[in-house]
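> Let the sequences and hints guide you as you build the complete structure.
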Amino acid sequence: MAKQISQGKRWYAIHTYSGYEDNVARTLRQRVESFSMQEKIFDVLVPKETKIKIKHGKRKKVRERIFPGYVLVEMSVTDDSWYVVRNTPNVTGFIGTGVTPTALSEDEINVIQKRIGLNEPKFKIDIDSGDHVKVVDGPFKDQDGKVQDVDIEHGKVKVLITVFGRETPVELDFLQIKKL
1 MAKQISQGKR WYAIHTYSGY EDNVARTLRQ RVESFSMQEK IFDVLVPKET
51 KIKIKHGKRK KVRERIFPGY VLVEMSVTDD SWYVVRNTPN VTGFIGTGVT
101 PTALSEDEIN VIQKRIGLNE PKFKIDIDSG DHVKVVDGPF KDQDGKVQDV
151 DIEHGKVKVL ITVFGRETPV ELDFLQIKKL
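Sequential numbering from 1 applies to the sequence shown in the UniProt record's numbering.
Don't read these hints as lab results, they were simulated from the structure. Computed from a prediction, not measured in an experiment: that's the story for all the values here. Glycine is no exception: its CB is placed at the ideal position from the N, C-alpha and C atoms. Warning: the hint list may mix true and false statements.
To be verified - Calculated cross-link-like contacts (lysine-lysine; reagent style DSBU-like; alpha-carbon spacing at most 35 Å):
| hint | residue 1 | residue 2 |
| --- | --- | --- |
| 1 | 134 | 178 |
| 2 | 55 | 146 |
| 3 | 141 | 178 |
| 4 | 55 | 178 |
| 5 | 158 | 55 |
| 6 | 51 | 141 |
| 7 | 146 | 178 |
| 8 | 9 | 40 |
| 9 | 58 | 146 |
| 10 | 179 | 114 |
| 11 | 114 | 156 |
| 12 | 156 | 58 |
| 13 | 158 | 61 |
| 14 | 61 | 9 |
| 15 | 40 | 51 |
| 16 | 61 | 141 |
| 17 | 48 | 146 |
| 18 | 114 | 178 |
| 19 | 48 | 158 |
| 20 | 158 | 58 |
| 21 | 158 | 53 |
| 22 | 178 | 60 |
Said to hold, decoys possible - Beta-carbon label-pair distances, calculated as ranges:
| hint | residue 1 | residue 2 | range |
| --- | --- | --- | --- |
| 23 | 48 | 167 | 38 to 44 Å |
| 24 | 175 | 79 | 52 to 58 Å |
| 25 | 22 | 111 | 19 to 25 Å |
| 26 | 61 | 141 | 25 to 31 Å |
| 27 | 152 | 117 | 15 to 21 Å |
| 28 | 61 | 129 | 23 to 29 Å |
| 29 | 50 | 142 | 32 to 38 Å |
| 30 | 180 | 8 | 54 to 60 Å |
| 31 | 142 | 58 | 16 to 22 Å |
| 32 | 162 | 105 | 48 to 54 Å |
| 33 | 58 | 100 | 44 to 50 Å |
Structure (structure tokens):
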């Protein structure tokens, strides 16, 4: 970058090695302090959301990265700030064309912030419509059925179970079934 570029305070995405996002964010925050770049690099963010995973019949809240391999940086792009970010260990580059980083739009940032700020965690389960499952709890225990519908928001599934020779839809909790 031969010339001073100043586009004001904007959000940029930087590409990192997958799995090193938190490490890159921590290192970049330390570099901002040590290079006195607080007036040019304002915030470093690894977008994560809370999900509920069900393992061995137990619910567990986990924080998962929304964009694996990426870290968001709020900064004013100058030669100095670009150099500090670009030369942070495990950063492979800015998202953009050539050496000029492309800023994220306000709409993109709003969507990301909304997704991060959701209070209700989403369920994460490896069951889709059409899968065969076994009921492990409740009045239909030990019966097999076919998943008709999955409601991730509420942690429920609708399973078709044969009762008196007819397929009957039954709404069950994710904890009440296991995939066959």
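> Are the hints correct? Go through all of them and say.
Verification of the supplied hints:
no.	hint	verdict
1	134 <-> 178	5 Å, holds
2	55 <-> 146	20 Å, holds
3	141 <-> 178	11 Å, holds
4	55 <-> 178	10 Å, holds
5	158 <-> 55	20 Å, holds
6	51 <-> 141	27 Å, holds
7	146 <-> 178	11 Å, holds
8	9 <-> 40	8 Å, holds
9	58 <-> 146	22 Å, holds
10	179 <-> 114	32 Å, holds
11	114 <-> 156	24 Å, holds
12	156 <-> 58	15 Å, holds
13	158 <-> 61	23 Å, holds
14	61 <-> 9	34 Å, holds
15	40 <-> 51	34 Å, holds
16	61 <-> 141	26 Å, holds
17	48 <-> 146	33 Å, holds
18	114 <-> 178	32 Å, holds
19	48 <-> 158	29 Å, holds
20	158 <-> 58	20 Å, holds
21	158 <-> 53	19 Å, holds
22	178 <-> 60	16 Å, holds
23	48 <-> 167: 38 to 44 Å	40 Å, holds
24	175 <-> 79: 52 to 58 Å	55 Å, holds
25	22 <-> 111: 19 to 25 Å	22 Å, holds
26	61 <-> 141: 25 to 31 Å	27 Å, holds
27	152 <-> 117: 15 to 21 Å	18 Å, holds
28	61 <-> 129: 23 to 29 Å	25 Å, holds
29	50 <-> 142: 32 to 38 Å	33 Å, holds
30	180 <-> 8: 54 to 60 Å	56 Å, holds
31	142 <-> 58: 16 to 22 Å	20 Å, holds
32	162 <-> 105: 48 to 54 Å	52 Å, holds
33	58 <-> 100: 44 to 50 Å	48 Å, holds
Of the hints listed earlier, there is not a single one the structure fails to meet.
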